[in-house]
Amino acid sequence: MQEKKKVSIAPLWALIKRHWAMFLGAAIATIINVLIGFITPAMLAELFDYYLGDMPSRFPAYINNAIQALLGSKDNVLSNLWMFGLALVIIQIIKGAFSYFKGIWCAYASEDSAKHLRDRLYDHIQSLPFGYHVNVVTGDLIQRCTSDVETVRRFLNVQLMSVFNSFFMIVLALALMMPVNSKITIISMIPLPFMLIFSWRFFNVVIKAYQNWEEAEGKMSTVLQENLTGIRVVRAFGQQQEEVAKFEKVNNAHHQAGMKTAPLDALYWTSGDLFSAIQTLIIIGICITEAYYGRITVGDMVILITYSGMLMGPTRQLGRILSDAGRSLVALDRITQVLNTPSEPEEPEAIKPSLQGDIEFQDVSFGYEDKEGVLNHISLTIPSGQTVAILGATGSGKSTLLHLLQRLYEPSNGRITIGGIPLENIDRKHLRSRIGLVLQEPFLYSKTIRDNVSIAVRSAAQRDIDRAVRDASAYDFIQQSEKGYDTLVGERGVTLSGGQKQRIAIARTLMKENDILIFDDSLSAVDTQTDNAIRRSLQERSRNITTIIISHRISTLSQADIIFVIERGAVTQKGTHAELIEQDGLYARIYAIQKGSALDADHVSE
Amino acid sequence: MQYQEEQDFSKHINLGTWRKLLGYGAAFKGKFLVIALSMTMLAVSDVVMPLMTRYGIDNFVVPRTLEGLTGFLLFYALLLVVQVISIYFFILKAGQVDNGMGYTIRREGFKKLQELPFSYYDRMPVGYLMSRMTSDARNLGEAFGWGLVDMVWAVVYLLASIISMLLIDWRLTLMILLVVPPLAVVSFYFQKRILKSHREVRKTNSRITSAFNEGIMGAKTTKTLVREEMNSREFQEISSTMKTISIRAAVLSSIYLPLVISISSIATAFVLTEGSGLVLRGIMTLGTITAFFNYSLSIFEPIHNIAATLSEMQRMQAAAERVVSMLETESDIKDTPEVISTFGDSFHPKKENWPPITGDVRFDNVSFKYKDGETVLKNFHLDVKAGETIALVGPTGAGKSTIVNLLCRFYEPTEGTIEIDGTDYKKRSQLWLQSNLGYVLQDPHLFSGTIRDNIRYARPQASDDEVYAAARLVSAENFILSLENGYDTDVGESGNRLSTGEKQLISFARAILSNPRIFVLDEATSSVDTQTEALIQHAIEKTLEGRTSFIIAHRLSTIRNADRILVISDGETAESGTHQELMAKRGQYFNLYTNQFMEEQAKAVLDEKDHSSKS
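For the record, the sequence lines run as chains A and B.
In this text, residue positions in the first sequence follow the working numbering: the first is 194, and each later residue adds one.
In this text, residue positions in the second sequence follow the working numbering: the first is 566, and each later residue adds one.
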C-alpha cells in the first residue's frame, strides 16, 4: 500500500474546497466544543475554591461580572445551588448541539464528496476507450472505485476534524493549564511527544499485520470458493480429505495472521494506557505535594488533573490519524489516476449523417499496442443494403475490422467511409446508435429479461419487445421460464446458456433503429436451425439494412450476397458461395471439412 | 469479493442458538475466563479510581499533610498496573477468541460442506455458503470475543459503582440512578435504529459495488449500445440513495451520544446541587463530591455498552442461526456405522480393506424423486458389463444427469438398488466408489495452482513422469509446453487464465491419471475451435479405453462408438441399442440424430473461437 513516490495533496484540497463552508462550520463547531469542554472542570474548580471554600475567584473580573449579572452574588448562588446544576446541564446541551452540527456537516460533506467521486469514476470509466476495457484488470479497478473511495470518505468524515480537534485540544489545554501552574503543566507534557511518536510508528506496524491478515483472508476465500464451485470434482475424485487439508492450511494461515494482530493490538493500546497511567501518577503526586505547600488549591488540582487527562486521547489519536492520512492520500491518488486516464476525445464538429450508403475500407491497417499488423492494408466495399458474410481463422482480424466501423478503435492507416463520408467526421455516439453490433460474448445486465431487451431504447411497447424477441428466436425459452419476461438475469437470477444470451443480445439490438447490423460471430452458440430462423426473420424485418455476419457456418455464409475470407489481416478471397467453392482456398477447405468429417463419421458406423 | 446477502435481522435473541455456537468454542474456555477476569478487574479498578481521588483530596490536599503519601501513591500505581495488565489481556484474549472462533466455525463448516449431499448444494447458491463461511463466521467471532468484553465490564462496573456509591451516600446514589431508566430507553432505542441504518448502508454499499462491477464488466457492451447516459442516471440513483441513507445514519449517531451525555449531565447536576449543600453544612467532604461527580459522568457508559451488545447480538441472531443450521445439517447420504468401521469414512479411509473394483454396474428397479416430490427417474433398469460404454441421450431434464449422479452416489435412489460388481453400493463407503471414479464435466473446473498440480489433483503422489504421460495421452502436452512455464504455469483462479478447451484437456489428463475403473463424462457442447475439438475427441477416446463409461453425449462420434445408447425421456428408457439398431427403428433416436446431431457435427467442425478482438 505505502508507495514510495510522492503523492500530491492537490486532489484532497480540491475535495475539501467543494464543501469549504461545511468543513469550516465543522471546524468552528469543533473549536467551540473544545472550548466548552474546558468550562465544566473550571466551573467545578470555582465551586470548590470560591463558593464552597474561601479562596478568591479564579476568573478575571469581566467573567466574574458576567457571572454576577447572571447568577447574583456569592450568597445568592449558595442559597440557590441548583443554578450550578442547571448551568451544567445547559452547557452540556450546548456542547451536544455543536457536536451534532459538527457530525452532520462532516457527514454531509464527506458523503457528498464520496458520491461526487463515485459518480465521476462511473462516468469516466464509461467514457474510456474500448481498448482500455479490453485490457482492464477488473478487480483492481473495482477496488479503486469502492474501497479507495471509502478510505477517502472516512478521512473527510472523521479524521480531518479529529486532527483539528486534537491539535486545538492540545494547544488550548496548554494555554489554560500554564497560568494555573506552569511547573505541573510542563511536567505533565513530558509523556506526550513520546506517545505521539510511538503511536504513529507503532500504528504502522499494526496496520501491516492487518494487511497480512487481509491477504491471508483473500487466499482463504479463494480456496473456499473453488472448493464450493468445484464440489462435484472434489467428490468425484474422492478428494475430501485432501481438500480439508488444503483448506486447513489456508484457514490456519489466516488464523495465525489474525493471532499476530492480537498481541500487537493489545500492545498498541496498552502502551498508550501505560503512558497515560505514568502521566496521571506523576501529576497526582506533584499536585498533592504542591497543595501541601499551598501552591495550588483543590480547584487547581481538579483543573490540572482533568485537563491533562483530556490530552491523552487526542494525542494518541493524532499519531494514529497521521499514519492513516498517508493511506488516504494514496487512495485518492489511485482514484485520480483513473480519472486522469484519457477518455474518448470530444468532437464537437462531428456530424450525424444517414448511414445508408456503401461502406468502404480503403487501405486500412491497424495494430494493437502489443500486437502489430492485425489488419494489413485492407480494402473492401460493402454495398448498401446487402448481406455480407466474413469467414476467417482465429486471430485473422475479422472482428477488429468490424469494431473499426463503430469507431471502437481508430485505424492506424487508411480510411473508412460510409456513403462517402469519412468515419472520423461522424459522431461516435451517432455511429454506434445507428449501427447494431452484437458481440460474440454479449454482456447482459442484471435486470429482468424485459429490461435487457429494451435496454437500448428509451421506452418500448410490449408489441415491439415481442416482435424483437420472436425475431431473435428467444420467445419460446422466455415464455417457458417461470416468470417469463420478468425473469431476473445474472448473479442473483437465472444463468442463461450462451445461446440464450446471444439471442437476447440480438433482440435488444433489433429494438433500436439500425442502418447497419453486425453479427460478430454472435450466432455461434445457437444451433443451425435457430441460426437459419433468426436470419430469415432478419431478412423480412430489415430489407434495407446492410448486414454483416461473421460466421464459420457454411450454411450461414452461403446465403450472403458476398463472402469475404480474411486471413492474417488481409482479404484473401471474395465472392459468392458458388464462386468460392470452386476456388482453392480457406472457404473450400472449410466446406470440405464439413463434408469430409460427416463422411468420416458415416464411415465409422459401417 | 461480493457475496449474496441474506435476510440478516431476526426479531428475538434465541439463547439456544448461541449456546450451540458456544459449544464450538469449548477450546476457548480458558480465554473466556481470562477475559471475564480481566474485565472484572478493570471494571472494579475503574470504580475504585474516583475513590482514590476522594482519598487524595480528603486526606492530603484539604488537611494539607503528606503523611502516608508514599503508600497512597504506591497503591495508586498498583491500581494503574492492574488496569494496564487487564487491558493488555482482554485485548489479547478477545482478539484470540475472535480469530479462533471464526477459524473453528470455518474449519467445522468446511468439513461439513465436504460431507453434505448435492441436494444441499442444489438448494444453496455458492454465494450464500461463501457468506456463511466468511462474513458470518467473522462477525460471530467478533460477537463472542468483544461482546463478552463489553458485557462483563458493563455489568460489573454498574454493580460495583452502585455498591461503592451506596456505601458512601445512598441519597446521592439514588439521584444518579434516577437517570438510568431514561438512559436505558434512549440507548436501546437509538442503538437499534443505528444498527438498522448501518445495515441499510452496508446493503446499499454492496449495490454500489455490484453497479461498478457491472459498469466495468459491461463497459464494452454499453459502448456498442450507446447506453452511457442511462447507465449514469441509474448509477446516480444508487449513489444518491447511498448519500441520503448514510447521512441519515450519521444524524442518528450524531444525536445519540450528545443526548445520552446530556441526560447523564442531569445526574451530575443533582450531585452538584445536593452535594454542595451537604459540603456547606459540613456533612460531605470535597473528596466525596468529586467522587460522585466522576461517577455521574460515566454512568451512561455501562448502559450504552449493554444496549450496544444486546442490539449487536440481535443483529447477529440471523447469522448465528444460519451458521448453526449449516453445521447441524445432517447428510442424507451417509455410510452406515458398519461400513465406516470396515472401510473408514471420508477423512480416515481404511484403504487396506477396500475391495478392488472391476466395473460391473447394475441399476435395479431404480427410482428417484426430489424432496419436493418431483419424480425424475422411474423403475430404471440397466446392466453394464465392465468396460462397456453407455451413451445417454435425450432432451434436457429427461433424467440423464440424474442417472449419472446416482451412479456417482451424489444422490441415492429413493427406490431400488445400484450394484457395483454385484454388491449394493450402500454396503461400501462413498469414498471407495468415488476414488474409483473419473469424472469430466461439461464446464471443466480447475483449481488455482500450476497445471502440474491440477493434473495430479486426484493422485497427489503421482510422479512427474506419470503426469507427463497423462498429458501426452490426451494430446495436451503441446499446448502446455508452448506456455512460458510449461507444466508449472499458474492457471489462475479456477483456471481462468486458460481457455475452455485447454481446461477441458487438462481435466481429461486429470481423470486419466486417477486411473478410474468407472468413467463419467458430461460432454461439452461449448464452442471450441476446430483444432481443439479434434484434440478433445481424441482425448475422450483415450480416456474411455478399457473403462466402464457413462457419457451424456452430444457428439456424434462418441455416440456412434458407444456399446449401447439409451434414449432417456421423462425419466425412463425410451429406446436402447446400438446406433445401427436405433437408426433402423426410426424412433426418437432417429429423429434426434437427423435433426440435431448432424447440425451439432457441422457446427463443431466449423466453429472457431474468435480471439482476434483480443491481443
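No lab work stands behind these hints: they were computed from the structure.
One or more hints might be untrue.
Stated by the list, open to error - Derived EDC-like pairs: lysine to aspartate or glutamate, alpha-carbon spacing no greater than 20 Å straight-line:
id : chain 1 : residue 1 : chain 2 : residue 2
1  : A       : LYS640    : B       : GLU886
2  : A       : LYS705    : A       : ASP620
3  : B       : LYS761    : B       : GLU886
4  : B       : LYS768    : A       : ASP620
5  : A       : LYS564    : B       : GLU794
Stated by the list, open to error - Coverage of chain B stretches by chain A, computed from C-beta distances (three or more under 8 Å per stretch; other residues unrestricted):
id : stretch
6  : 724–736
7  : 778–784
8  : 794–801
9  : 813–824
10 : 1002–1010
11 : 1019–1030
12 : 1043–1053
Even for Gly, the Cβ is constructed at its ideal location relative to N, Cα and C.
* **Index of numbered hints that the structure contradicts, given in increasing order** => Those not satisfied are hints 1, 4, 5, 6, 12.
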